[in-house]
Amino acid sequence: MPTVKFIEHNGTEHVIEGEVGDSLMSLATGNLVPGIDADCGGECSCATCHCIVDDAWMEKAGKPSETEESMLDLNPDRESNSRLSCQIPLTEELDGIVVQLPEFQY
Amino acid sequence: MSEAVIEKLDLTTADPWSVPLDKINVSDPALFETDTHWGYFERLRKEDPVHYCEESLFGPYWSITKFNDIMQVDKAHHIFSSEDGITLPDRPLDFRTPNFISMDPPKHDVQRKAVTNAVAPLNLAKLEPIIRERAGKILDNLPIGEEFNWVDLVSVELTTQMLATLFDFPFEERRKLTYWSDMATSGELAGGPTPEPVRRAALLECLEVFTGLWNERVNNDPSEDIDLISMMAHNPDTQNMEPMEYLGNLILLIVGGNDTTRNSLSGGVYFLNEFPDEYDKLRANPGLIPKMVPEIIRFQTPLAYMRRTAMEDTVVGGKTIKEGDKVAMWYVSGNRDEEVIDRPNEFIIDRANPRHHLSFGFGIHRCMGNRLAEMQLRIVWEEILSRFETVEVVGEPVRVLSSFVKGYSELPVIVHAKQ
Chain A
57 MPTVKFIEHN GTEHVIEGEV GDSLMSLATG NLVPGIDADC GGECSCATCH
107 CIVDDAWMEK AGKPSETEES MLDLNPDRES NSRLSCQIPL TEELDGIVVQ
157 LPEFQY
Chain B
78 MSEAVIEKLD LTTADPWSVP LDKINVSDPA LFETDTHWGY FERLRKEDPV
128 HYCEESLFGP YWSITKFNDI MQVDKAHHIF SSEDGITLPD RPLDFRTPNF
178 ISMDPPKHDV QRKAVTNAVA PLNLAKLEPI IRERAGKILD NLPIGEEFNW
228 VDLVSVELTT QMLATLFDFP FEERRKLTYW SDMATSGELA GGPTPEPVRR
278 AALLECLEVF TGLWNERVNN DPSEDIDLIS MMAHNPDTQN MEPMEYLGNL
328 ILLIVGGNDT TRNSLSGGVY FLNEFPDEYD KLRANPGLIP KMVPEIIRFQ
378 TPLAYMRRTA MEDTVVGGKT IKEGDKVAMW YVSGNRDEEV IDRPNEFIID
428 RANPRHHLSF GFGIHRCMGN RLAEMQLRIV WEEILSRFET VEVVGEPVRV
478 LSSFVKGYSE LPVIVHAKQ
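If you're matching them up, the sequences are chains A and B in order. At the far end of the first sequence sits residue 162, using my numbering, and the numbering has no gaps. At the far end of the second sequence sits residue 496, using my numbering, and the numbering has no gaps.
FYI, nobody ran anything at the bench for these hints, they're computed from the structure. Glycine included, C-beta positions come from ideal geometry on N, C-alpha and C. Hints are supplied without guarantee of correctness; some may be wrong.
Said to hold, decoys possible - Simulated restraints, written as ranges between beta carbons of each label pair:
id	chain 1	residue 1	chain 2	residue 2	range
1	B	Glu-250	A	Gly-86	46 to 54 Å
2	A	Leu-88	B	Ile-207	26 to 34 Å
3	B	Pro-169	A	Asp-151	55 to 63 Å
4	A	Asp-110	B	Glu-265	52 to 60 Å
5	B	Val-96	A	Lys-61	55 to 63 Å
6	A	Asn-87	B	Phe-225	44 to 52 Å
7	A	Gly-86	B	Asp-99	42 to 50 Å
8	B	Val-96	A	Lys-119	30 to 38 Å
9	B	Lys-203	A	Leu-88	23 to 31 Å
To be verified - Partial list, computed: chain B residues near chain A (C-beta under 8 Å):
id	residue
10	Pro-182
11	Asn-194
12	Ala-197
13	Asn-200
14	Phe-439
15	Ile-441
Stated by the list, open to error - Pulled a few chain A residues facing chain B out of the computed Cβ check, cut under 10 Å:
id	residue
16	Glu-75
17	Ser-79
18	Ser-101
19	Glu-122
20	Gln-156
So here's chain B without its partners, still in its complex pose:
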């Protein structure tokens, strides 16, 4: 009598355990904005750990959801290529920004090596006092006893200052880095809110400003410049990059050094409030900070997945993945795999083996800045504990609309000074 009404299935309100398996699409950005992805991943890990999704905003793709399967895929760079990009959206042909994270060997190796030194442990040791001083200043300026957004005043500010330091970017204009980072990851093609033309314009502005800095520094004495721009300008393997390749590497370093640490800085505050016994444990023993930091990074998983493309037919977890198929390694799911991680849904700041998590990836694309990230978080927590009795979360966080960047735009808090 009436035509069938085809309703779009809203996964954010559906029951993860009764939705037909083939309708589960964990790449839906709304699942992350509403924090409703957990049940779907739990179900996939139990019922269909290597899962094919036929229809999504990004076309068909495979999901790898268990820790050990993810490790297998991440290690096999000769089968699973990064050349077609490390996120699910297909990159527009007329706006490609290549960088080493989306390259395979041998080019990946030489370009990565050109910038690795900036975050080499010896250089990090030199940065420690600067980070500590800047973190202290930010914390000292926070309003005591009144509500504010921790994301804006602490997480964004601190990671932006750090990035400005690594690039030797004009300090007063540092929030441009935040803006470009946000633009890079919030595009509509990735299911985010930013129209594509706005995103492109922002990134081209980024390129223009950084080209100016490159030109200022390219003829300087290389031994005196240890910032990332000078390193690229002086290294034979990167000094002849095309502009879009320069932009690609800038975006990689800006997003890599910005979103990730930023959201772990917010996440840590949130988790300690969710698990108050752990906060007590921490206050009683600040020496636990170095163990807590990797646990924060596991629990947050600031990048929910990385994508690869199969270069040949291959079997993962009993399923045949065909040449050309897109594959998402869901770190956010593997980090909660109870077969590998004990009580994975609990935030435990003194785990025996806290660095055994997937958030940095494994294999040749493993996060280059992992030690920098850990150092930043460690210093900030040391400085927080020396100043404040509690950073109290007073409302629910606002989460980012993205299935790639797993983060917060708001976290309302009140800080209480030490008595």
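So here's chain A without its partners, still in its complex pose:
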């Protein structure tokens, strides 16, 4: 099963195994990784599952949709590799992906 490494803002690392098709958001919330709120439950409509994808993985993670783009754009802390973790489904290709979690969710 592919794994994801979540790195909290304070540096704490969590390596989580998941099924193909699980979103990074559901892996984080399902395994009590702090730093992801996911108020809307994965609908791409609250932007409280913001994460920063490690540069090396950006291309494999794909591009944000127009809806995701409009939600990300409201976040003043947005970085060039910001994504909403509910919009990244796990694939075999993403095995080992590393994402940073921001200090705050809006």
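Once you have looked at the hints, place chain B on chain A.
Structure of chain B alone, referenced to chain A:
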């Protein structure tokens, strides 16, 4: 023999389950003043979840009543526009106060971003000690063992002080903010008690006072001013706003930061009295406060709905909504949708997923101040629990005549000190 007598159907006393479906008008402000809307929404969710009302004070409109349909509409800002306003009454052409909540992208995005920083989590952390100190002072001054109106002495006072802080508004004159907020939402065009000329005069006074503050601050060093007025005055995206647009954004921030938290502060007290087992649970474990806060916000739903206007023909819940139709997303109903929320009519302070509610809306217009609201409520409840054994509700609340602002003007209580 006699002419037919046409009686106006009084929905507040009718049986929600036997009124003809097409006569149901959930936007009637009296339903909210009398707290009799629940049955109608329950029926609509069961029998006609996307409901067309032909005749109302606000003309014809659609009601979206189920959680997932509301989510669908709220997300689809490219189909459902906010430009014609986010409440059902048509806005008078000669008194328009545009603001970013009633704009679509791209203008919405730049104006919202200009003020978002005021409520960014890092700034909120700086505000926490101020809020705690002010909340403590208000609570310490309450009369112990005698009846008073919680709305006035606590809910209004606290949220007004907070707003004054965010605007850096002259502190002694802070109740003006409350007055302007009330005027903004209680107009007769919205079915409220305030005559339109009185409402306009109050809002123009608001503009005048705030224009004075803008002029005082516009030439200050931007790095030293972190209040909302200075932010707007110094940001290239907002510094050239027309006066009515400035007023529009002020009203948005004043109402957004005032009515909502105010009524959740009152609602929490009321709900804990209605569900005394939950109050016991809370007293035994104040650590539940962060989970209780979003539950209060769900259960209160301080803004009952948001309105959109369809920009094209579209289908929601099997019904075709036509271009130009008004659509009300009834958060107050979706928040009680049993298909999404377990035991929705019970106030449960330790729910598994308490933030999964509609009160802040979803999508690009999602409440900008949601974290501030949660923080304020959390701090107040921490301070209440450390001082009082019980805030006892000793009479029925008086509710506001509005189908938009779902709130209280009176909540009689007696506070009992800790032994």
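message: Does B/Asn-200 hold up as a contact with chain A if the rule is Cβ-Cβ below 8 Å?
response: 10 Å, violated
query: Are A/Gly-86 and B/Asp-99 spaced within 42 to 50 Å by their CB atoms?
result: 45 Å, holds
Proposed interface contact between A/Ser-101 and chain B, which counts if any beta carbon pair is under 10 Å: 4 Å, holds
Cut-off 8 Å, beta-carbon criterion: hint that B/Asn-194 touches chain A: 6 Å, holds
query: Does the CB of B/Ile-441 sit less than 8 Å away from some CB of chain A?
result: 5 Å, holds
Supplied contact hint for A/Glu-75, tested at 10 Å Cβ to chain B: Violated: closest Cβ of chain B sits about 21 Å from A/Glu-75, beyond 10 Å.
Cβ distance range 55 to 63 Å for B/Val-96 and A/Lys-61, holds or violated: 58 Å, holds
- request: With 30 to 38 Å as the target window, see if B/Val-96 and A/Lys-119 comply at their CB atoms.
  value: The hint (30 to 38 Å, Cβ to Cβ) is violated, given that B/Val-96 and A/Lys-119 are roughly 50 Å apart.
C-beta pair A/Asp-110, B/Glu-265: status relative to the range 52 to 60 Å that was hinted: Taking Cβ atoms as reference, A/Asp-110 and B/Glu-265 lie about 57 Å apart, which means the hint holds.
- prompt: Okay, B/Pro-169 versus A/Asp-151 on CB: inside 55 to 63 Å?
  reply: 60 Å, holds
Outcome of range test on Cβ distance (B/Glu-250, A/Gly-86; 46 to 54 Å): For A/Gly-86 against B/Glu-250, whose Cβ atoms are near 50 Å apart, the range 46 to 54 Å holds.
- request: Closer than 10 Å between Cβ atoms is the bar; does A/Ser-79 clear it against chain B? Give me holds or violated.
  value: 15 Å, violated
Of the numbered hints listed earlier, those contradicted by the structure are 8, 13, 16, 17 and 20.
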